[in-house]
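Trainee: Sequence:
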Amino acid sequence: MSFIRGKDGQFVRELWPAPLPRRGVAVEQLLKDPWRVMPSEYDQLSSWATLQAPDEGDHHTGPRRHYMLTYLSPPPGRAVVQVKVHVQGFLGSFNVKTLGDWNRSEHHLPRATQHITLIGGNDRAQEAFAVQWHAVRELQSFVSDSLGEQSLAEEVTQGELTFARPVFSRITPVHRPPGIQLTSLDDPSGRARRYANGRKWVVAHRIGVKALTSTGAVIALQPTALRRGDFVDVTFTVNVQYSFNKKFSRSVSHFAVHDVLRLMRYQDVQVILPDIVNIDQLDTPTEAVVGLPPNDEDQVMVPQVAFQGPTDDVPMHITSSSQSATNLPHAMNEMRIAEDATS
1 MSFIRGKDGQ FVRELWPAPL PRRGVAVEQL LKDPWRVMPS EYDQLSSWAT
51 LQAPDEGDHH TGPRRHYMLT YLSPPPGRAV VQVKVHVQGF LGSFNVKTLG
101 DWNRSEHHLP RATQHITLIG GNDRAQEAFA VQWHAVRELQ SFVSDSLGEQ
151 SLAEEVTQGE LTFARPVFSR ITPVHRPPGI QLTSLDDPSG RARRYANGRK
201 WVVAHRIGVK ALTSTGAVIA LQPTALRRGD FVDVTFTVNV QYSFNKKFSR
251 SVSHFAVHDV LRLMRYQDVQ VILPDIVNID QLDTPTEAVV GLPPNDEDQV
301 MVPQVAFQGP TDDVPMHITS SSQSATNLPH AMNEMRIAED ATS
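Take 1 as the starting number for the sequence shown in the UniProt record's numbering and just add one per residue.
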């Protein structure tokens, strides 16, 4: 997974106010692996990533084609690796349940989505979020240009970053995405399993939801335990579906949430950094948690002022940031290609 690096050389995660934890390996390790470092400028993105079809070597005759953003220089020993990028922020609106906002009807299957909206907060937090916004917008323009169309980066909603993904993937003769195994917890009524049975539809991805505890451990978390205002680290991917018929061609790109790690609860943020973010809260739920095995991406750097004492898996780190103000845009767009475009 990759972390955004600003044009001044600093990683975005280091720009957040010091009491907020950071996710991932140490900066020294990031700098050793070029694929881990996402540039924030357009002209550098073309030498870092490319759009590629997972089945590039196959001959396609169907009306749809799928692409994903991949590393130009992937990790050693791996040929094609999908880009996954880390961003941070405070939770705005979100729905990361396995079935997202699906209303249990068959006609809603193609439109059901999971989504997360991040906001930057106030004062010192705005600097980090501004750099993220710029980098995501540059990536959006890069994807648009790679598809041969005019960028829509200037036309998106200001003040937030939103990542969304379709819940259900359609099975076609030329595209058969792998599906997850739904459980009764995901689908109490059994209706989704009746539709997503591997014949016409599948649920292709379960968003991983985890949380950092006050002891530095990373634990699994039910999606319903998240709350608006929580400080989180989100990884996202870029997926594109290109479709065409005799009259027109169109591509739809999704900046899709892949997993979520809650770094600090809203209540704790308010104690340590009063007024950095102000969001009306719902009732705090009872959290159901399960221990997880160690994971390289789940290493978390926790400043000393935030939690008590280091552990072997939690390097300690303190950083500072300055103040900056900006408006930040939406990170998902629908992109249309002219009729004469080719697949």
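Since the hints were made in silico from the structure, they are not lab data.
Among the hints, a few may not be true.
Unchecked claim - Derived lysine-lysine pairs resembling DSBU-like cross-links, with alpha carbons at most 35 Å apart: (1) K200 <-> K97; (2) K84 <-> K97; (3) K200 <-> K32; (4) K7 <-> K84; (5) K7 <-> K32; (6) K32 <-> K84; (7) K200 <-> K247.
Trainee: Each hint needs a verdict: does it hold in this structure or not?
Mentor: We went through each hint and held it up to the structure:
no.: 1; hint: K200 <-> K97; result: 21 Å, holds
no.: 2; hint: K84 <-> K97; result: 20 Å, holds
no.: 3; hint: K200 <-> K32; result: 44 Å, violated
no.: 4; hint: K7 <-> K84; result: 20 Å, holds
no.: 5; hint: K7 <-> K32; result: 18 Å, holds
no.: 6; hint: K32 <-> K84; result: 18 Å, holds
no.: 7; hint: K200 <-> K247; result: 26 Å, holds
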